[in-house]
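Please model the entire structure based on the sequences and the hints provided.
Its first residue numbered 37, the sequence shown is counted upward by one per residue in my numbering.
Just so you know, not all the hints are guaranteed correct.
Listed next, with one range per pair, are the computed distances between beta-carbon atoms [what the hints assert, rightly or not]:
{"#": "1", "residue 1": "Ala-238", "residue 2": "Pro-110", "range": "34 to 44 Å"}
{"#": "2", "residue 1": "Ala-238", "residue 2": "Ser-133", "range": "38 to 48 Å"}
{"#": "3", "residue 1": "Ser-148", "residue 2": "Gly-242", "range": "39 to 49 Å"}
{"#": "4", "residue 1": "Pro-94", "residue 2": "Arg-263", "range": "36 to 46 Å"}
{"#": "5", "residue 1": "Gln-155", "residue 2": "Gly-106", "range": "37 to 47 Å"}
{"#": "6", "residue 1": "Ala-119", "residue 2": "Val-265", "range": "50 to 60 Å"}
{"#": "7", "residue 1": "Ser-133", "residue 2": "Pro-219", "range": "23 to 33 Å"}
{"#": "8", "residue 1": "Gln-249", "residue 2": "Glu-91", "range": "27 to 37 Å"}
{"#": "9", "residue 1": "Arg-114", "residue 2": "Pro-219", "range": "42 to 52 Å"}
{"#": "10", "residue 1": "Met-227", "residue 2": "Ala-268", "range": "16 to 26 Å"}
{"#": "11", "residue 1": "Ser-133", "residue 2": "Arg-263", "range": "34 to 44 Å"}
{"#": "12", "residue 1": "Met-227", "residue 2": "Arg-76", "range": "15 to 25 Å"}
{"#": "13", "residue 1": "Ala-87", "residue 2": "Thr-162", "range": "18 to 28 Å"}
{"#": "14", "residue 1": "Ala-119", "residue 2": "Gln-249", "range": "33 to 43 Å"}
Because the hints were derived from the structure by calculation, they are not lab data.
Each residue gets a CB set at the ideal place from its N, CA and C atoms; glycine is no exception.
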Amino acid sequence: MGLRPTRWCAPPTLTVVTDSGQPGRGPDGRAARWSGHRARRRAQIVAAALAAIDEHGPGVSTEQIAERAGMARPQLYRQFTDAQDLHNAIVRSAVESFLATMAPVLTHPSGSPRSLITQLVRTFVTWMTDNASRYHYVLARAGAVSDGEGALADARTRVGCLLRDLLAGYFVVLQVDPTLADPLAFGLVGMVESATERWLVAGSQGRDALVAQVSVWIWSLLDGLARVVGVAIDPDEPLPPLPDQAVELQDS
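And the structure:
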């Protein structure tokens, strides 16, 4: 087939910068301790901000965030450059929470096609619905903060890449063209997100019903694709191990 799936989208390259502003060996001990303290304080404020979003909704004010953090509003900006810096940090934290939830399911698949699809959809839908205020906060801020749109696009891209790699691995095993995995994966991510977002606004059914319906749609799409190329897949039979899984089983 010619395609070797990759596991992760390439992470950004980081450069250590000294207090002088030039690349080098990094800050001295006192600067490092202060940097660590500031990072911890920022993380505490971001955690408080997320809790405030859960309580007050995506339109949370800076005053409400400060109250939740137990400090006056001006104190927030001793740790953050300005409101934009604070909102950037909140968006990044929410996005990383979503990625941390999705990655294990996408990188350690098991079970039958039906059970795996349902697990993936349920994990996605559950995070979005349990964190609806945070999700809408990210959407609202995506175009309003300097890296908000980039963070949101990066989350979709990284989940899409992981799903692409998963599909491509199974396509190779099943002798289906793995180049189909890329557009298919990103289309599926968009479908699940859009269906769930609409459900949050106008859904009249329960969440379990939404998960079941979306899972059926995805299976129907994958089954139809397989049949077009002459491959029959039983939705309730365990999936074959991926090549790297087979190596792990052999070594264990």
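We went through each hint and held it up to the structure:
1. Ala-238 <-> Pro-110: 34 to 44 Å: holds, 41 Å
2. Ala-238 <-> Ser-133: 38 to 48 Å: Distance hint for Ala-238, Ser-133 is violated at roughly 25 Å.
3. Ser-148 <-> Gly-242: 39 to 49 Å: violated, 24 Å
4. Pro-94 <-> Arg-263: 36 to 46 Å: Given about 43 Å between the Cβ atoms, the range holds.
5. Gln-155 <-> Gly-106: 37 to 47 Å: holds, 39 Å
6. Ala-119 <-> Val-265: 50 to 60 Å: holds, 53 Å
7. Ser-133 <-> Pro-219: 23 to 33 Å: Since the Cβ atoms of Ser-133 and Pro-219 sit about 27 Å apart, the hinted range of 23 to 33 Å holds.
8. Gln-249 <-> Glu-91: 27 to 37 Å: 31 Å Cβ-Cβ, so the 27 to 37 Å window holds.
9. Arg-114 <-> Pro-219: 42 to 52 Å: holds, 47 Å
10. Met-227 <-> Ala-268: 16 to 26 Å: Once the Cβ atoms are compared, 24 Å apart, the range 16 to 26 Å for Ala-268 and Met-227 holds.
11. Ser-133 <-> Arg-263: 34 to 44 Å: About 38 Å separates the Cβ atoms of Ser-133 and Arg-263, which means 34 to 44 Å holds.
12. Met-227 <-> Arg-76: 15 to 25 Å: violated, 39 Å
13. Ala-87 <-> Thr-162: 18 to 28 Å: Distance hint for Ala-87, Thr-162 holds at roughly 19 Å.
14. Ala-119 <-> Gln-249: 33 to 43 Å: holds, 40 Å
Of the numbered hints listed earlier, those contradicted by the structure are 2, 3 and 12.
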